[in-house]
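Student: These protein sequence lines are chains A and B, in that order.
For reference, each letter of the first sequence is one residue, going 1 to 572 in my numbering.
For reference, each letter of the second sequence is one residue, going 573 to 1250 in my numbering.
Each hint should be verified, as a subset may be incorrect.
[Claimed, not checked] Simulated DEER-style distance windows between Cβ atoms:
hint, chain 1, residue 1, chain 2, residue 2, range
1, A, L507, B, I788, 36 to 44 Å
2, A, N250, B, I802, 44 to 52 Å
3, A, V316, B, I642, 55 to 63 Å
4, A, I291, B, I788, 54 to 62 Å
5, B, T627, A, I291, 50 to 58 Å
To be clear, the hints were calculated from the coordinates, so they are not data collected in a lab.
Built from N, CA and C at the ideal position, the CB exists for glycine as well.
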Amino acid sequence: MNTELSGILISFAITLLIAIPLGKYLARMFAGEKVWTDFMKPIENLIYKLSGISPSQPMNWKQFLKAMITINSLWLVYGFFMLMFQDKLPLNPDGNPGMTADLAFNSIISFVANTNLQHYSGESGATYLIQHFIFMFLQFTSAATGIACAVAVFKALRDKTTNDVGNFWVYLVRSVTRLLLPLSIVLALILAFNGTPASYAGKDQFISMQGDTVNVSRGPAAQFIAIKHLGTNGGGWFGANSAHPLENPNYTTNIAEIVAQMLVPIAMVLAFGYFTRRKKMGWVIFGVMTIGMLMLMIPTIFSELGGNPAIAKMGVSQSTGAMEGKEVRVGPMATAYWSTLTTIVSTGSVNGMHDSTMPLTGLWQMLGMMINAFFGGCGVGVLNYLIYIIIAVFISGLMVGRTPEFLGHKVEAREVKIAALITLLSPFLILAGTALASYVFTNYGAANWAVKPSAWLNNPSYHGFSEMLYENTSSNANNGSGFEGLGDNNIFWNVSTGIIILLGRFLPIIGPVAIAGLLAQKKYIPESAGTLRTDTVTFGIMTFAVILVLNALSYFPALVLGPIAEHFTMLK
Amino acid sequence: MKTSSNKLFEPALVQSALKESFIKLNPKTMMRNPVMFTVEVGTVIMLYVTFYSFTHAGQGSFAYNLSIFIILLLTLLFANFAEAIAEARGKAQADSLRKTREDTPAKVLQDDGSIVTRSSNQLLKGDVFVCEAGDTIPTDGEIIEGLATIDESAITGESAPVIREAGGDKSSVTGGTKVLSDNIKVVVTTQPGESFLDKMIALVEGASRQKTPNEIALTILLASFTLVFIIVCVTLQPFAAYANTTITIAALISLFVCLIPTTIGGLLSAIGIAGMDRALRANVITKSGKAVETAGDIDVLLLDKTGTITIGNRKATHFWPAPGVAQDDFVRACVLSSLADETPEGKSIIELAQQSVSQFALTAPKDSEFIKFTAETRASGINTPDGTRIRKGAFDSIRNLAINAGNKFDNEIEERVKTISSKGGTPLVVAKNEEVVGVIELQDIIKPDIAERFERLRKMGIKTVMVTGDNPLTAKFIAEKAGVDDFIAEAKPEDKMRYIKAEQAAGKLVAMMGDGTNDAPALAQADVGVAMNSGTQAAKEAGNMVDLDNDPTKLIEIVEIGKQLLITRGTLTTFSIANDVAKYFAIVPALFIASIPALQAINIMHLHSPESAILSAVIFNAIIIPLLIPLALKGVAYKPIGASALLRRNLMIYGLGGVIVPFIGIKLIDLVIALFIK
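If we strip away everything but chain B, and leave its shape as in the complex, we get (with noise of 0.2 Å):
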C-alpha cells in the first residue's frame, strides 16, 4: 500500500487511461455531463461542415475547418483523458489493495467439524474458516474464537504486530493479513465482491458513481452557463445578418465551445474521484464520495484522548512519599509492586525507580504471591512470603482498604493526590500492610504537535472535543494543554451519542472516530462516522468511512481532504468563466472586423487575423485542460487562514488570474499560428 506509486502519470495508467478517452466518447457516456456533451455536439457538426466545405465554398477553407474540428475532439479527448486517469489511479489504488487478498487458500470448518481447504473467493458469509500461525487470513471477518498476534503490516505499513481476539472491540481481521501466533476461529462477514474494498473500488470506477448534491448543484449551474452561451451564439445569426456579415459555422461554434466552462466541465467528474483517491491514499475507505465532501463541512470533532491527544499510555512521572517515610523505602515498595505489573504504567514505575534509586532488587523473593488488578479491588499488589502485603491502586479503593484496617488516612496524601488530578496526571496511591506509604503521579503524554493541529482546526472553524474515561478535573487539565475546545469526561458511549445529537440539534456537522460496537450508534449518527479498521464489523458498518490505520488522528486528514475537494471545484470553475473574457476579446472582434473595420479597436491583442485568432482561443481552451489536470487530481491547497482571507486569495489567483493567463496564452499561440498563416 504505501509503497504504491505517488508519480501523477504512471505510463501503464497513461495508456489505460488513453483507451479510455476513446470510449467514453460514446453520446450516453458524454450526456452525464451537459457541458462536454454539448462540445460533442458541436465536434459532430464541425466534421460535417469539414466534410461540406471540401467540396462547397463558402464555409472558410477545408484546412481551416479540419483544424477546428481537430481541436474540438482533441478538447473531447483531454476532458475524458482526465476522468480516465482518475479513475485508473483510484483503481490501481485499490487493486494493490485487492490484491493481498487473492486466491488465499482457506480452511473451512465442516457443520461436523471437519476442515475443507477451499479458495478464498469461495467463501460466503457465514462460513467459519480457522487460521493458524503462519497463514493468511482469506477474507474480512470477526473472529469467534480465539486469540491472535497479526501482521497487518500489508495494508496499514505498520510492522509492529498486532492483537485480534473474540468478544471485544478488537475482533476484526482482514483479508490479506497474516496470522503470527495463536490460532483463531473466524467468521466471513462479507459476500464475495460486497467487501468495503470492492464498494470503493465500484465507486472509484463510475459504475455506481453517483453525483454528490454539490456535484449535482455546481452542474446546473454550469448547464445553465452553457445555455446562456447557446442564447448568445444563436441570436448572434439573425443579429450578424442585421448588420449585414456572415458569420460560419466553424467561428460560431469555436465561440460556443470557448465560452462554454468546458475547463471545469472537463475536469469536474476528475475532482470526483480524485477526492476519494486521495481519501484512499490515506488509508482511508469511503462509502460513498458525499461523506468525504461532509468532511469538508465538519463543524464538529470528536476525538478520543488516547491515541489522537495522548500518546498511547501514562507514565509514572514523580514518587511522592508520605510523611515520615523514606524516599527510598517508598520507591522500594513501589518497585516490589510493579515487578509482576505488565502494563505500560507499571513498567513505567520500575523506569522511573532505575533512574531515582540507586540499588534495588528486580525480582521478588520466591513464593511471593502477586495479586492482579480487577475491576471491583482497583488494586494491584504483591503479597512477599515475609508477610509484607503492598498494594497500589486507585486513591478511594486504596482509602477504604487502609480505613477498614483502622489506619488514618493522611490529610497530606489526600491533598497530593488532589493536585495531581488538577494537574492532569493520574495518583496511585501504595499501602505497605494497609497502611498508605505515598502516592506515584502518573502523567499523560501530551503529543508534542498537537496542538497546533487543534489550532489549525480552529482556524478552520471546527470545534474539537476531547472524549476521555478519565475524571472531569484530569481532563479538564489535559483539555486546557492540548489546547482542545471542549472535553467528555468519564464518557460512556450514551454520552457520545447525546453530544453528537445536541450539536446536530443547533445545526452542527459532527465527525467522530469508534471502533467498538457500543460506539456503532454514535458513528451511525454522526455525519462523518469513521471506525477503525480493527474495530467490529458493527462499528464498520455503522460508519461512513473506515480507516486501514486505525490512526484517530486521521479525521484531520479527511476534513482537509474534503475540503480540498469542494475549494478545487470551485477554483476551476472561477478560473473557467473568467477565461471567457479573453475569449470574447479574440473572437468577437474576428467575426465582425470584415464588414466593421471599426472594431479593430477592440482587438486588444493584436491577433494575427481573424482565423488565427479563432484557431488560438479554441487551441488555448482545449490545452488548459490537461495542463490543470495535476491540479484537478492533486487538489488545490487548502490553507486555514480564515474564510474570507481565503476567498480573497484564491479570487486573486484563480479569478484575476483566470482572465490574465488567457491573454497571454492566446497571444503566445497566435504568434506561432501566424507562422504558418500567411
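Chain A with its partners taken away, still in its complex shape (with noise of 0.2 Å):
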C-alpha cells in the first residue's frame, strides 16, 4: 500500500486504539468509581485543602457555572498584566520585550479560551515565564474547564431528576490529575526524545555552511508542546508551530502529535456514551462525527494530492501533490489529514501552511471549524454537538408527533430558546467579524494602526476574503491556527478576535450546560413505543443533515466570496 496512506491510516488506527479505552476509562473517572489513577487522591486532596474546597459540595448548573467563570475571570486578569510586564519578570534569557496592551489583551483571552491565536510569534513574542507559567498553565487549565463543563451535561443527562450537576471543582482538577498531566508527560518524554529542546537555556548558535550565523531558539518546549496537542490548545512554542523542525522533528512525533490530539475529543465522545449507559449513543455520535470527518478529509486529500492546475499549466511536474507551504519530512498526504483533524477538533496546531493549501483545502479547513463538533474541541466538542442534538430533538419529535424529548426530559421553549440563541450566534460573530474587517479594508485602507488595514492581506481578491474569513471562523470555533497571510498583529485584529473568541467560548459552554441543568430539573418521562429513540442510526443522520444544513444555509454566500470563487477563477 501507498506509505503516505499507510501512515494516516496507522494513526487513526492508533487513536482509536487508545481512544476506547480512554472512554471507558473517562466515564468511570468522573463518575467516581474506582479506578487505577487513584493513587492521585492525596495529592487531589491537598489541591482541595489548599484552595477552601469541599469536594463533596454538590451545585446546581448556576452555581457551576459561576464557579467557572470565577476561576476563568481571575486568570484572565492577572494574566492580562503578566503578559504586559513580562519583560520586567525573571525567565527572560533572550530579552524579550512587554506585549502591547491590545496584543496582551488577545493572547490572555485566546489561552483562556483554549484558543491560542497567537498574533505573536513564542521565539521573540514571550518569555519562558510566560510560556511556561501562563500559557502552559492555561493550556491544562481551558481544557480541564472544557472537559468539566461536559462532564457536569453527562451528569445532569445521566440522572432521572436532579439539581446536582456535579462540583466544578472536583471535574477540573481530575481533568488535570488523572487524564492531561500523565498524558502530557509520556507525550513529552516522546517528543524530548526525538529532538524537542526540553531545557530552560536561552538561544543557540551555529554557523551555517554559508557561513552565516544563526540564533536558534530553544526552551523547555517539549512538555508545552505536549499539553498543546493533547488540550486540544494548539499554540505552538515556535511561531511555525509543528512545521518548525524543533517542534515536530520527525514523522513519528508528527504521529505522536497527531494521535495525541485526536485522543480525549474522540473519548469524549464515547465517556458520554458510558456515562450516561447509553453506549449505542456514544457510538452512534461516534458514527456521525466520524463520517463528518471523512467528508471533510477525503476531498482535502485529493485536493492536496492533485497538486495545483495553475502551475500545472506551467509545465511543471507535480508528482507529489501540492507542496507549497509543506513540509518535506511530512508530505502532503498527512499534512492533508493533519489540517483536517486540527480544524475540526479546534487544536489550531498546524505543521504545514494552511495559507498555501488549495482553495478548496481552504472551504473544507473552514467549514470543519464553521461547524466544530465532528469531535471538536476538549469537552466543548460534545457540548457542542449537544446543540444541535437539541435542534434536531425539536424538529424531529414534531415529526413523529409528540412533544419533543430528550433523554426523558421534555425540550420546550425554554431550551429551544437557549439552543437558537447558540446556533445563531456563530454565524453572528463569524460573519458580522468578517464584514467589519471588509468594511474597514474597503474604507478606511490608510487608518494609522500597527499594520495598515490596506496592508493586511498578502493576497487580496478572494484569497484575502478566505484570510480575513478564516480567522474570524478560527476565533470563533476557538481553534486559533492562522491562515496566516494576514497582518493580524494590530489593534483592530487584536480586539475584534479577542472579542470573538471570549464570546464564542463562554456562551457555547454556558449554554449547553444551562440546558442540560435545565432538562435535569424536569420530571423524568420513561421511554415508551412512541419516544422516538436519540441513539439510533435514523437519529444520527437526522442531526448530521441539522448540521450540515445549518452550516451551509449560514455561510454559503461567504463561502462562495472566498475559496470557492477562488477555485473556479483559478479553474478558468
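Given two chains presented individually in distinct reference frames, assemble the corresponding complex, making use of the accompanying hints.
Tutor: So, in C-alpha cells, the structure goes:
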C-alpha cells in the first residue's frame, strides 16, 4: 500500500486503540468509580485543602457555571498584566519585550479560551516565564474547563431528576491530575527523545555552511507541545508551530502529535455514552462525527495530492502533490490529514501553512471550524454537538407527532430558546467580524495602525477574503490556527478577534450546561414505543442533516465569495 | 352538523378569507408572526424602491422592481389567506352548531310559579325553564326535575332518542335538541355567550387564541432562523463591496425573503386552527389549543369497558341446567323469570330461549307477581299463582337464598360459575322454590375491530387501560381478549383517580373520558379529560374537551388529531428549511455572476439570467404557500409505524423532497419567465 496512506491509516488506528479504553476510563473516573489513577487522591486532596474547596459539595447548574466563570476571569485578569510586564519578570534569557495592551488582551483571552490564536511569535514575543507558567498552565486549565463542563452535562443527562450537576472543582482538578498531566508526561518524553528542546537555556547559535551565524530559539518546549495537542490548544512554542523542525522533528513525532490531539475529543464522545449508560448513543455520535470528518478529509486529501492546476499549466510536474507551504519530512497527505483534524477538533496547530493549501482545502478547513462539532475541542466538542442535538430533537420530535423529548426530559421553549441563541451566535460572530474587517479594509485602508488595513492582506481578492473569513472563523471556533498571510498584530484584529474568542468560548459552554441543567430539573419521562429514540442511526442522520443544513445556510454566500470564487477563477 | 361540507375551499368561505387576507396586513396583526412581519417590512421597502427606480437608475428596472414588490405582497396575502381560510372553516363549523340554538322561545319559570316566554338569548345563568314534548331546548342546562326522551340528532347526528333525567349522570341537556316526550324543569348553567361552543368559536376566531407552548418554541426557532438570515443578508453588503460587486436592494430583499422560513411561518397559525377545526369536525369541542396538542402526547388511555370495548350490554349465550334438571324445564324457568325483565340481559335470555327450545309460553300466568331487581337482593324473578317462586340473580345472593332455605348448593354449579367468570362471562344463577336449577351464562360482546385499534395504539406507544365494574376474573378475560394492556376491575371513581395519579407520578400523560359528577375530579386530574356531552355540568367543567357524540372511542381519534397537528408543523418546518438549498443555488450565483463570471459554475440549474433567477426563486417561494394550504388544513397523515420509522419516512418525503422539489420548481418557473425576458 501507498506509504503516505498507510501513515495516516496507522495514525487513526492508534488513535482509536487508545481513545476507546480512554473513553471508558473517563466515564468511570468522573463517575467516581474505582480506577487505577486513584493514587492521585492525596495530591488532589491537598489541592482541595489548600484552595478551601469542599469536594463533596453538590452544585446546581448556576453554581457550577459561576465557579467556572469566576476562576476563568481570575486567570484572565492576572494573566493580562503578566503579559504586559513580562519584560520586567524573570526567565527572559532572550530579552523579549513586554506585550502591547491590545496584544496582551488578545493573547490572554486566546489562552484562557483554549484558542491560542497567537498574534505574537513564541521566539520573540513571549518569555519563558509567560510561556511556561501562564500559557502552558492555561493550556491545562482551559482544556480541563471544557472537560469539566462536558462532564456536568453528562451527569445532568444521566440522572433522572436532579439539581446536582456535580462539583466544578472536582471535575477540573481530576481532568488535570488524572487525564491531561499523565498523558502530557508521556508525550513530552516522546518529543524530548526525538529532539525537541526541553531546557531553560536561551538561544543557541551555529554557523551555517554559507558562513552565516544563525540564532536558534530554544526553551522548555517539549512539555508545552505535549499539552498543546492533548488539550486541543494548538498554540506553538515557536511561531511556525508544528511545521518548525524543533516542534515536530520527524514523522514519528508527527504521528504522536496528531494522535494526541484526537485522543480526548474522541474519548469524550465515547465517555458520554458510557457515563450516561447509553453506550449505543456514544457510538452513534462517534459514527456521525467520523463520517463528517471523512467528508471533509477525503476531498482535502484529493485536492492536495492533485497539485495546483496553475502550476500544472506552466508545465511543472507535481508528482508529490501541492508542495507549497508543506514540510518535506511530513508530505502532502499527512499535512492534509493533519489540517482536517486540527480544524475539526479546534486544536489549530499546523504542520504546514494553510494559506498555501488549495482553495477548496481552505473551504473544508473553514467548514470544519464552522461546524466545530466533529469531535471538536476538549469537552466543548460534545457541548457543541448537544446544541445540534437539541435542534434535531425538536424538529424530529414534531415530525413524529410528540412533544420533543431528549433522554427522558421534555424539550420546551426555554431549551429551544437557548439552543437557538447559541446556533445564532456563530454566524453572527463570524459574519459580523468578517463584514467589519471587509468594511474597514474597503473604506479605511489608510488607518494609522500597527499594520495599515490596506496592508493586511498578503493576497488581495478572493484569497484575501478567505484570510479574513478564516481568522474570524478560527477565533469563533476557538481553533486558533491562522490562514496567515494576514497582518493581524494590530489593534483592530487583536481587539475584534479577542472579543469573538471570548464570546465564542463561553456562551457555547454556558448554553449547553444550562440546557442540561434545566432538563435535569424536569420530571423524568420513561421511554415508550412512541418515544423517538436518540441513539438510533436514523436520529444520527437527522442530526447530521441539521448540522449540514444549518452551516450551509449560514455560510454559503461568504464561502462563495472566498474559496469557491477562488477555486473556479483558478480553473478558468 | 354531519351535513356540513368537507370541501376545503367552499366559495363563500374563500370570499370572506380573501377579504380577511387584506385586513390582516395590518402591521399590528402581523407582529404576532415574526417571520411574516419581516416579509412585510421587506415589502414596504420594495414599494419604496419601486417608486425610486421609476425616476432613478442603479436599482434595476422599474418593471423588475415592481414584479418583486408584487410577488412579495402576494407572499404576504397567501400567508394571511391560509390563516383566514382556516379561521373561516372553523367558524363555519361552529356557526352551524350555533345556528341550532338561535332565537328559540324559552318558557321561563318565575318565582311565583307562573311561566313567561322569553327569547333564548335572554336567558341568564340560574334561570329555570320548562320544556314539554315537542319543545326545542333553548340553551344548555341541567335537569332539576323530571325525565324526558330527547332527540339529540341536531348535534350528534344520531337519530335514536336518548333519555335524560334529573339527579343522575345523564342530567345535562344541550340547547338546540328537542324534547320528544314528557316534561322537564331545567336550570340554565351558562351565561349567554359563555357556553363551550362560544368559547370554542372565540378560540378559532383568534380573539382569544393563545399560542401553545409548542407553538411558542417553534416560533422561537423560526425567529432565530430569520435572525441568522438577517445577519447573512446584512453582512453580504460589505462582502460584496470588498468584491467590487453592487447588490441591488431588490436582490438582497429577495434573497432574504426566500431564505427565511416563510412557508412554515405563513402556515403556522393555519395549522393550529385546523387542528382545533378537525377536532370540531369529529364533534369534539376543545377548550384550548393546548389540549389538542397534549392529546398527541398521551401515554396512557383510560377507557370504560361498556360502550368502548364491548358493545353496550351483555347477552345470554348458554343455559347450564343443574344436575338432574331437564334442559327444557330449566329454560322454561328462565323464560318465566325474564318475561317481565325489561333489561337487555333479560331480553337476551328470551331470545336465546327461542332458539334452543321449540315451544313455551311467552306470557306469564295471570296474577303472577313480578319481583324487581334491587341492589339489596341482587335478584329478580316471579311468583306464579300456583306458588312457584323463581329467582335469578348473582351467584352469592342465590346461594344465600338456597342455603337459608336449607337446600344445598351443588358443587357442580359452583364450578360452572367459576368457569363462566374466568371466560369473561357473567353467571346468573336461577333458583326455583329456593332450589338451584341452573346457571345462565351471559357474555360480553367485544367490538369486532377493537383489538386492531388497540394494536394501533400500542404502536403509537400508548398504554390502554380498561375500567370496569366487573370482578377481576371477568375483567382479566375481557382485557386479554380485547388486547388492552391493563385493567381496573370493580372500579370506583377513586380507583380511577388513584391510577391517574400513579401514572402521572411516573411522568406519563393520561387521558380519560367520563360523564358522571363523580368522574369530575379524575377528569380534572387527567391531562386530557374528555367529558361526554350527556354528562353532568360538573364533568363538563372539569374536562378540557367535550364530546358531542358521547362516543367513548372518540379518545383514539383525538390522540391522532393531536399527533397530526405536531407532525404537520414538523414536516412543513423541515420542508421550508430544506427549500433554502435550491434557493441559494438560484440567487447567490445571480448576485455575483456579473462581477465574478467564474461563478457560472455554481449556477447548476442553468437559469436564464440573474433577474429571471431571482424572480423564479421568489415566485416559487410565494406559490408554495397556497399549494401547501390543503396539506396544512387536512394535516399530514399519522402512521403508527414506530417513531424511528416515521421519522425516516417524513425525513425522506419532506426533507429530501424539500431539497429536490424547489430545484425542479424554480427551473420550470425560470423557463416560463425566460419567454418574457430577452
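Student: If a hint holds in the structure, say so; if it doesn't, say that too.
Tutor: Here's how the hints hold up against the structure:
no. : hint                           : in the structure
1   : A:L507 with B:I788: 36 to 44 Å : violated, 22 Å
2   : A:N250 with B:I802: 44 to 52 Å : holds, 51 Å
3   : A:V316 with B:I642: 55 to 63 Å : holds, 56 Å
4   : A:I291 with B:I788: 54 to 62 Å : violated, 34 Å
5   : B:T627 with A:I291: 50 to 58 Å : holds, 56 Å
Violated hints, listed in ascending order, are 1 and 4; each of the other numbered hints is respected by the structure.
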